Amino acid sequence: MRRVKNRKTIRKLSINTLKSNKKRNVVIMLSIMLTCILFTSLFSIGISIMESTQETTMRQVGGRTMAGIKCILPQDYEKLKTDSAVKNPTYRIVIGNVRNTELLKLSTEINYAQDRDAREMFCYPTEGTMPKDRLELATSTLVLDALGLPYKLGEKVSLKISVKGKIMNQDFTLCGYWKGDPVSQAQQCWLSRTYCDEVAPTPASSFYDSDKTDYAGYWMMDFDFSNSWNIEGKTIALLERNGYDPNKQGYGINWAYTSSSVDTQTIILIVGLLAMILLSGYLIIYNVFYINVSADIKKYGLLKTIGTTGKQLKSIVWQQAMILSLLGIPFGLAAGTVLSKLLLPVIMDNFSIGNMKFSISPVIYLLSAMFTFLTVWVSSRKPCGLAAKVSPIEAIRYTERNVPKKKEKKISRVSSFSMAMGNIKRTRKKVIVVVLSLSLSMILVNSVYSIVNSLDVDKYVSTSIIGDFAVTDATVPNLSILDRNFSGVSKKVREELSKIDGVESVSNIYCKDNSKMKLEGKGYDKFSQFAAKQEELIQNENDKQELDYYRKNKFISCTIYGMGRASFERLELQEGSLDWDRFLSGKYAVIYTYDLQLDEKEASNAFFYKVGDKVPLELPDGTIKEYEVMAIANIPYAMTNKAYYSLGANAVIPEEEYLKHTADSGALYSILKTADGKTDYVDGYLEKYTKDNPELTYVSKQSYVDEFNDFIRMFWIVGGALSIILALIGILNFMNAIVTSLLARKQEFAMLEAVGMTGKQLKIMLICEGNIYAFLTVLFSVTFGSVIGYWLIRAVAGQIWFFSYHFTLMPIGLCIPVLIVLSCLIPYISYHGMRKISIVDRFKIIE
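For the sequence shown, the positions run 1 to 847 when the working numbering is used.
Quick caveat, the hints were computed from the structure, so don't treat them as lab data. These numbers come from a predicted model, not from an experiment. Every residue, glycine too, gets a C-beta built ideally from N, C-alpha and C. It is possible that some hints are incorrect.
Claimed, not checked - Under the rule of at most 20 Å between Cα atoms (straight-line distance), these lysine to any residue pairs were calculated in the SDA-like manner:
#1 K311 / A388
#2 K522 / K625
#3 K212 / K156
#4 K248 / T194
#5 K746 / M757
#6 K166 / T194
#7 K8 / L326
#8 K459 / S703
#9 K587 / K660
#10 K642 / E600
#11 K522 / D613
#12 K81 / R64
#13 K625 / D613
#14 K625 / S585
#15 K314 / A388
#16 K425 / L779
#17 K491 / E656
#18 K160 / L147
#19 K70 / S210
#20 K299 / A388
#21 K625 / Y588
#22 K760 / L779
#23 K156 / R134
#24 K499 / E687
#25 K382 / N25
#26 K587 / T662
#27 K22 / M834
#28 K459 / T640
#29 K152 / T194
#30 K12 / K459
#31 K23 / M834
#32 K156 / G180
To be verified - Distance ranges between label pairs, derived from CB positions:
#33 P345 / W791: 45 to 53 Å
#34 L153 / N634: 46 to 54 Å
#35 A85 / D171: 20 to 28 Å
#36 L274 / E748: 16 to 24 Å
#37 I820 / Y644: 27 to 35 Å
#38 L342 / Y644: 39 to 47 Å
Input sequences plus hints: build the corresponding full structure.
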């Protein structure tokens, strides 16, 4: 076959076709642009969150380095740093902690560090230098703020330091500072090596041969590997290679490198979002191209009569798609970037991601453009095939239809509705595409509402606070402090709190940690059986030794709580019953024994005592008293001291019973219930009160409610933005379907009018077609859409602990009037546009 150089001609035909259909091209470009916006938003927000999360996690961990070896001696450091796997080794030396009252609410450590280690920990002075002279100090602006000191080099800084159990008062000179990071687990005060060696000299023996309570003088080594693959495995291999036992020697892995792993559910969610965007883009782009090819089918038929091949016709349509993609994608990328930048702060605020990092990586735009091109390619394949396969005769006679199988004719009454139904049936493929496109936005809106409606504010608040306000010692929420004060709310403070205007009641929770639950009789037998099974599963030698210690000494560590009725009724019952009147007698206890290594399903394996058993408890004054187990119940996290043993127990006794057995009447929490309308006043009072008494702090229920509302707002904004884009795609699809259907059938309508059908009847028929689209959309959204929505809801919110699914169709019900208005308005306007062309002109075969 002779080859003809016709590429320029094909390209010219494609461009001329585009020029002759400017309005339709705008619809296609908008479709491509909206699809590209969705892809760009997904990739931009996703990658930005990943990068910001990694950066924030590094700041929370306190460093960029991949791994660390804890509590070693100088000779250990020299040995490990020479290993070929270790890259960029550096170290710091532990000195102690700061005990200034002003810093009780801010975890603050005192260490010496090499310059590189300080940089890797985001704690290198931006103003001034690291300490060189004996009494120089460098610290963060957060520490200076808490101490009430200006950001001024040479300023005197007075600290109360705890080193080796001793408290020392020392004045330092500020030689450097940096901006403090509130997400960091601890703030640093860097001291000189001279002062470090003086107050925290290098210990003579290994930390792991001691009682493991004194960290002063030990070295913390930080380092990298050549890559971040299997960091923990490499660290264990490093220790074993150099003669250390990984089960004994402490080491740390930077979460920022391990948290980048994605679980199966997240992968399914990402794939689901990509599939949804691909589907929504496919539905509109395919429909628009299919309708446009159908509208131009006579033109393609004429081209075929003069010798144009099917392959060339396919090339004409494909080139149009590519030209429109090249025009639409850049606008989509730009608009998607703007949308992502607007949505990202809303999302980040609700995931405790400290520093927002908006990514403009080329990968984002490459992936977005690639997926958009893929959507256009998939969407235009069938329309290209339709143009390629058309015969000249069929093209001249073409009117929008599917060729049905021959059926026996039935005589029935003809009406506008029956004609509309007939028109719908003959274009089933187009109807399916339009209905799916319109349904997507309705399904998404309904899913977003269902998620928001299923998030339980009471469940969210209950883990953080009971009552309206909770006052406690400032060290309690500061988990980095080892010796927290669990009895810091004195009787005097409690009396002052009860006198606050608007406070209706004050209930207290008392706590004594490091107590004991004796293991006797059935309790000891059950524990022995449990320990034997666990020893077969446990690999860590320290955990095995702990089990053996408890078995030999016949007790487990226990925290004793004293509670009033309000707190007692909030316990989470597992077995037995909670009877306040019986409990108040002082003969009963509510207990909960646990092993943190067990999951929720196995938790009952650690219940060593049953309801009705007698359990001996060591009370705060040291006496041992036997109580009958009334119930096995867990204590909500908000009511605990935020401390747990790896294997241990909680025991609750009445408040009066607790106070009989302690000389310290200080409470762990004082829980305030306020009168209606007095919350703001009490909040302001407590803010001033805890400022004047810095050893105390408080939390309010309203602050957690505000956090919850911000979380809800994120779903509405992000879900709403996505719903609006999908709705625009659906409406564009519907408009294009109606308008091009009118264009393709204008000869048919002219014939109907010629034989006596009035304009009103024709208009009603078109409105009926639109309403059938609306009915089918609602039907699909309510039936199949409910199943799709349920999967989407579970994928997005199923793992949120305060989520309880509630089925609803209310948003779909609210969308129905809007859908009906559109299904009437668009056909009405389109019909009046067609009426401007006379019946004679519409009878012309060639447009």
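Here is how each hint holds up against the structure:
1. K311 / A388: holds, 6 Å
2. K522 / K625: holds, 17 Å
3. K212 / K156: violated, 34 Å
4. K248 / T194: violated, 31 Å
5. K746 / M757: holds, 14 Å
6. K166 / T194: Since the Cα atoms of K166 and T194 sit roughly 19 Å apart, the hinted pair holds (cutoff 20 Å).
7. K8 / L326: holds, 19 Å
8. K459 / S703: Holds: K459 and S703 sit about 15 Å apart, inside 20 Å.
9. K587 / K660: With a Cα-Cα distance of about 13 Å, the restraint between K587 and K660 holds, given a limit of 20 Å.
10. K642 / E600: holds, 19 Å
11. K522 / D613: It holds: about 8 Å lies between the C-alpha atoms, which stays within 20 Å.
12. K81 / R64: holds, 18 Å
13. K625 / D613: The given pair, whose Cα atoms are some 13 Å apart, holds under the 20 Å limit.
14. K625 / S585: holds, 14 Å
15. K314 / A388: Roughly 5 Å separates the two Cα atoms, so the pair holds.
16. K425 / L779: The given pair, whose Cα atoms are some 17 Å apart, holds under the 20 Å limit.
17. K491 / E656: holds, 14 Å
18. K160 / L147: Holds, at about 12 Å.
19. K70 / S210: holds, 14 Å
20. K299 / A388: holds, 12 Å
21. K625 / Y588: Roughly 11 Å between the alpha carbons, so the hint for K625 and Y588 holds.
22. K760 / L779: violated, 28 Å
23. K156 / R134: The given pair, whose Cα atoms are some 14 Å apart, holds under the 20 Å limit.
24. K499 / E687: Since the Cα atoms of K499 and E687 sit roughly 16 Å apart, the hinted pair holds (cutoff 20 Å).
25. K382 / N25: holds, 18 Å
26. K587 / T662: holds, 17 Å
27. K22 / M834: Given pair K22, M834 holds - Cα atoms ~17 Å apart, limit 20 Å.
28. K459 / T640: Since the Cα atoms of K459 and T640 sit roughly 16 Å apart, the hinted pair holds (cutoff 20 Å).
29. K152 / T194: violated, 23 Å
30. K12 / K459: Not OK: K12 and K459 at ~65 Å, beyond 20 Å, violated.
31. K23 / M834: Holds: K23 and M834 sit about 15 Å apart, inside 20 Å.
32. K156 / G180: holds, 19 Å
33. P345 / W791: 45 to 53 Å: violated, 29 Å
34. L153 / N634: 46 to 54 Å: holds, 52 Å
35. A85 / D171: 20 to 28 Å: Violated: the Cβ-Cβ distance is about 44 Å, outside 20 to 28 Å.
36. L274 / E748: 16 to 24 Å: violated, 40 Å
37. I820 / Y644: 27 to 35 Å: violated, 58 Å
38. L342 / Y644: 39 to 47 Å: holds, 41 Å
Violated hints, in rising order: 3, 4, 22, 29, 30, 33, 35, 36, 37; the structure is consistent with all others.
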